[in-house]
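Participant: With these hints in hand, go ahead and build the complete structure from the sequences.
Residue numbers (UniProt numbering), protein chains in the order written: chain R, 1 to 284; chain A, 1 to 436.
Possibly wrong hints are sitting among the right ones.
[To be verified] Below 27 Å or equal to it, Euclidean Cα-Cα: the simulated BS3-like pairs (lysine-lysine) are:
id, chain 1, residue 1, chain 2, residue 2
1, R, K60, A, K425
2, A, K49, A, K332
3, A, K412, R, K60
Worth flagging that the hints you see were computed from the coordinates, not collected in a lab.
Computed from a prediction, not measured in an experiment: that's the story for all the values here.
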Amino acid sequence: MKSPYPRWFYLPAALVYAVLFVVPTFASFYFSLTRWTIFESHFIGLDNFVTFFQEPALVKGFVNTLIYGIVTSGLKVVLGLGLAVLLTGRIAARGYLRSVVFFPVLVSTIGVGLTFTVLMNPERGLINQALGTVGVDGPGWLTDPAYALLSVALVDVWKGVGLATLIFIAGIVSIPQEYFEAARTDGASAWDMFRNITLPLARPATVTVVILSLIGGLRSFDLIWAMTRGGPGFTSDVVASVIYKQYQAGFAGLSTAGNVVLFVIVTAIVLPLSRFLNRKEVEL
Amino acid sequence: MKRFLTPLAVLTTVFALTACSAGSLGSSEGDGDGVTLSFLVDNSETAAKVGAGLAKDFSAQNPGITVKVETRPQGTEGDNLIKTRLSTGDMSDVFEYNSGSLLQAIAPAKNLVAVDDQSYAGQLDDNFKTSVTSDGKLYGVPFGGFMSGAILYNKAVFAKNGLQVPKTWAEFMANNTKLKAAGVAPVIQTYQETWTSQLFVLGDFHNVAAAEPDFATNYTKNQAKYATSPAAVKGFQRLQQVHDAGFLNKDFASAKLDDGVRELATGAGAQYPILSSTIAQLAATYPDKVKDIGLYAIPGDDAATNGLTVWAPPAVYIPASTSGAKLDAAKKFLAFIASPQGCTSQANAYPPTGPFAVKGCTLPADVPQAVKDMQTYIDTPGASSLALEFLSPVKGPSLEQICVEVGSGIRKADAGAELYDEDVKKQAQQLGLAGW
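Facilitator: The structure is reproduced here in structure tokens:
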């Protein structure tokens, strides 16, 4: 079939695409093979990748990235679905409540991070003071290596669950009411209807939420940097913050190699996952 | 193909043109004899005030030249910004930045204007000159005075508990036991501001050098390591010891520099290993307590060789991108900073916290007690040495995180030292040093 447009019609978009996307992508593949000080670069083959994989913070970073991605993605699905069911039900002030859930999505991530850093201060933060009044000795949310990453993940969920809820609401609203009426006539309980109608028919929404939040979680950086800077020490470092620190230290080639690795990993996780989830959808 | 190439060429030209005009925006070249210099300093209170003071006094003396102070973030974020601006040719006309190993990392030969030929070169302190020299060329003039990495202590708390200034680590730990029993936090640490965690390691260098005089040279050659040098690894071990013994303030993990200063001034904590310049902040916030605060060098094994580790002041540099009338004005500005008038101007802008690096400059008589304590070490022959980062270009970027881990019991001292040895390798390779 002949294209409806003449060739020159593609040119502006193609130019923007080439200059801003294709060239930098290939340049980064090249620079990942150099020792690059910003001022000059020497070709050193695969040394950067060797150094990067020997980076002790990196192993921790990988584990943390996976934990962070899975925890935030899982909680967003569970909480988002629950909230969506609640907010599509017949409740008072539904429109207002829907907005309230969505508001945190609109706030700047750095602002949220700094606010929660203050709230989570172990000695003077509101959270531990509130816990103190009921006799609970709250932990050092961001200063205890055992909790730091999970605390940040929880804040991420609080901030991002609104978007997941919105997608689920759209999915649930699009389910025809006739199914529910028929099920009710057959005497199905509320749980049966949720299990056998809402959950399977909202599957496209679930797939979208899982993929979006997993990608978001795997490349997550801003909230972690604002709240802990990967600390205490290296205990809440994720791959992206390890890369950023290399860049800050002036190891531009090394950090570019890190970005290439991150690109490969995210693709390797998300591409098969997306195929798998979408195939299931077609089979239904 | 040709149809494709022409617009690409046009586009490239447009990019090149916009790049040019963005760089020259805000310059006032060409309007008579008036020259405006932009002067980039870090955003600490001290640097901002000293920068503003110098700008004001210099402009008053040179009516044709206006100096406009700009600020930048500190720490690694600032390093990043400086490197990016230098590499894009977009640096301010003059800028303040660290001396020593961090200077080596911005490729001075390529990015800075050398100032060997200037008349004031002979007036600069020799230790300072070493720290702003690269490949035999001098690049900067001192901004502020010398600092030391030492222990600030509350003399009132010491007097109340009948304690003496310790000269050895054993005495230090014995003092700590008594302080803890008296309900005072013996050692203050503030790991929420990660750079403050490094003093037990970096400030111990005089003691390391006393035990192993060739350490710095061998370190640069990749022949000495923190993990394998018995003297150097002690810094990490001691950092772990004060944590394991429970000598730290309760909020060490969440405290910031401000909290540390408050705890020291109010006597909630007795000793704070920190850079001596912190005394200026303490003097500004707690003017009535500053007389209670003294300073002593980080104790080592041997009381006889114990001494102070000294940091050379940061310096003011001219980037290679400054040219024409601005370059002349910038050179005049540097000459002013490196003169006794410049010292006076800095002292008036902010109370100095260490000796100036310009010959002929003296400190005012009313400096805080801690600064007098520091001067005593510097005036005693053999009782002070420059920190390692001024004697060797090799410094790893992750020391602060490693120290936080060792100092909070997350990682053992020996593992921390090994990790740091790995960390510096990247820096040494990046600098292209022989033997790495």
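Participant: Decide, hint by hint, whether the structure agrees.
Facilitator: Now for the hints, and whether the structure bears them out:
1. With a C-alpha separation of about 20 Å, the suggested pair K60(R) and K425(A) falls inside the 27 Å cut-off, and the hint holds.
2. A C-alpha spacing of about 20 Å is found between K49(A) and K332(A), which places the hinted pair at or below 27 Å, so the restraint holds.
3. With a CA separation close to 16 Å, the supplied pair K412(A) and K60(R) stays within the 27 Å bound.
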